[in-house]
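J.: Sequences listed follow chains A and B, in order.
If you're matching positions, the first sequence starts at 338 in the numbering used here and goes up one per residue.
If you're matching positions, the second sequence starts at 338 in the numbering used here and goes up one per residue.
I should point out that these hints are in silico values taken from the structure, not numbers from a laboratory.
Predicted, not measured: the structure shown is a model, and the values here were computed from it.
We put the beta carbon where it would ideally sit given N, CA and C, even for glycine.
Among the hints, erroneous ones may be present.
Stated by the list, open to error - Label pairs and their in silico Cβ distance ranges:
1) ASP441/A - ARG549/B: 55 to 63 angstroms
2) ASP635/B - GLY350/A: 47 to 55 angstroms
3) ASP450/B - ALA585/A: 20 to 28 angstroms
4) ARG583/A - THR593/B: 56 to 64 angstroms
To be verified - Listed below are several chain A residues computed to face chain B (Cβ distance under 7 angstroms; list not exhaustive):
5) ARG361
6) GLN363
7) SER383
8) GLY384
9) GLY385
10) SER389
11) SER481
12) ASP482
13) HIS505
14) VAL508
15) ALA512
16) ILE516
17) ARG518
18) ARG657
19) GLU664
20) LEU675
Number of protein chains: 2
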Amino acid sequence: VLTRRSVALIGLGNVGRSLLQVLRSQAPLVRERYGCEFRIVGAGDSGGAAVSQAGLDPAVALAAKARGASVASIAAGAFPGMSAVELVRRLPARTIVLESTPVDLRTGQPGLDVCREALGRELDVVLANKGPLALAYAELAALSDLGRAGAPALRFSACVGGALPTIHLGVRDLAGSRILRAEAVLNGTTQGILRMMEAGGSYAEALAEMQRRGLAETDPTLDVEGWDAANKVVILANAVLRQPTRLADVAVEGITRLTAEELRAATARGERVVLLCLAERAGDGYRLSVRPTALPLDHPLARMGGDEMGIVYYTDISGRLSMTTRETDPVPTAAAMLRDLIEIATS
Amino acid sequence: VLTRRSVALIGLGNVGRSLLQVLRSQAPLVRERYGCEFRIVGAGDSGGAAVSQAGLDPAVALAAKARGASVASIAAGAFPGMSAVELVRRLPARTIVLESTPVDLRTGQPGLDVCREALGRELDVVLANKGPLALAYAELAALSDLGRAGAPALRFSACVGGALPTIHLGVRDLAGSRILRAEAVLNGTTQGILRMMEAGGSYAEALAEMQRRGLAETDPTLDVEGWDAANKVVILANAVLRQPTRLADVAVEGITRLTAEELRAATARGERVVLLCLAERAGDGYRLSVRPTALPLDHPLARMGGDEMGIVYYTDISGRLSMTTRETDPVPTAAAMLRDLIEIATS
């Protein structure tokens, strides 16, 4: 029996385009192994939207993006200027919304309204955009199956470490265990910069090199000041540690004041500096922080290269579980959206 | 709403006794967080069985085991000499069977018949014993929800690496991805011996030290000849790689012929020898092996200490995912049985 589900892609930046690729490349596997077929009935970017009951061809959408055009330029059902929320309003019932618009830490928009509109319409949502969850976790949980059985699904395993299943490990694989402490390196840009500075070179040189490789944004503030990592801590604290948490609850310090000398001095001491996300028990809850931290070289997160992210859970009955991922492009983040999509479609 | 489920523990060796402890220590957490309450209505060991509709007290069962007595000696409903299969026949409907009898690689008994009897009676089963799956994966899958929707559940996340969620990572978190290669260190005894030999000392000395610490069996053959690891490869191949596999399909070589000199020579070359479980693509399937293998020091599995196990999945779209666990006693294996139990009770 084949399960046919309509999907809509909101946001066609690096992750959204990778998701188009992945939906295309994995279609035969997804059909054969999980009995699912996904039809793209809508796609939206900053230039507008395209809708098609018959299904948009991912190759055509990718070609439009490759020539710098909006998806609203592709023939069938093009709506230049249509907003993301408007697109969600027009989607057929039971469409699964795949959201990967850019992170906005002040307003969470347009992702937040996309989530509200979709969940309000009883549409399942898969998020790669951390903004809505970091700003409004409790509200979105209450609108979805996170808070209420039978409500539409909200999945976001791509939000905290790409393909690294930080959320699933904490929620599912540690079911029945208490988490005593969690440590993680969840920002690729700063990890790359720090490992580069260690090898020689200043912060500015390392940042420039990461930008040249497309691994750091032109405005790298969110990454290097620790806000991207802090967002992920907020989601992890809400979803895994079950502690209602907002961005203001996380103590945040970035890497911009670190010098190459400090990093090399750490190496000489047998340590390595990472931008550490930390949740440590304090009273009945967890104290949360993001800050540069020197780890002994035999620590699982000190062993990682510049293209790795990782997490360590210290537990009461499940020992110490460590997990790392090596990802060099946004495809694994799109793969995480696909796993959420398959889970929704098959459950 | 509280979900009340009856459970029965078959096998009260190290893992079974740890499970008694864990069911006791985590009961408040399990009630509060998952809304589940488990009542132990049966327990069996090599001396017989105890059954009680009202529920056996885990503390009483543990005390009996601590004084070297069979669980069949505890007051209420004691049946000295009752076999495991007979116990399963007497369990109330909807009891969840928690199986941790010793591994028998020739017959799979008594675990195999426990599984057949329980699944035949529509009872859900959680396994820590690898034998039944290694010998009869296809048969047990066909009797359970692995092969047929609506059939009783069969879960075994404790079988391949204790609390390390090797199976869940491969099946759930890599849904939609193709596994190109899997590498793992899944036998704690050999990992401990190899790391000890590296530090100096012969194979015999390292083995004796591991036995003294209770980390190697008196007869260590299954571990040091690679059969325990091969069992886990068989389960992983069937469950994660979807390749029908028997023990004879795995090329197996143990560690007994390695010398401390060879290990130190590897170190000098910048390598480290582990007993590697390997699945590599070959034609349409995977070629499977367990053998001592020198890995470069920056390999995730070369970074592990003597008390760690780990797995690395190389994938088409999810990058490279590595996971390691540090476990120093059987409690994490019992914790893995608890996570399976919670999953069954809450789904």
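J.: Out of the numbered hints, which ones does the structure contradict?
T.: When the structure is compared with the hints, numbers 2, 3, 5, 7, 8, 9, 10, 11, 12, 14, 16 and 17 turn out to be violated.
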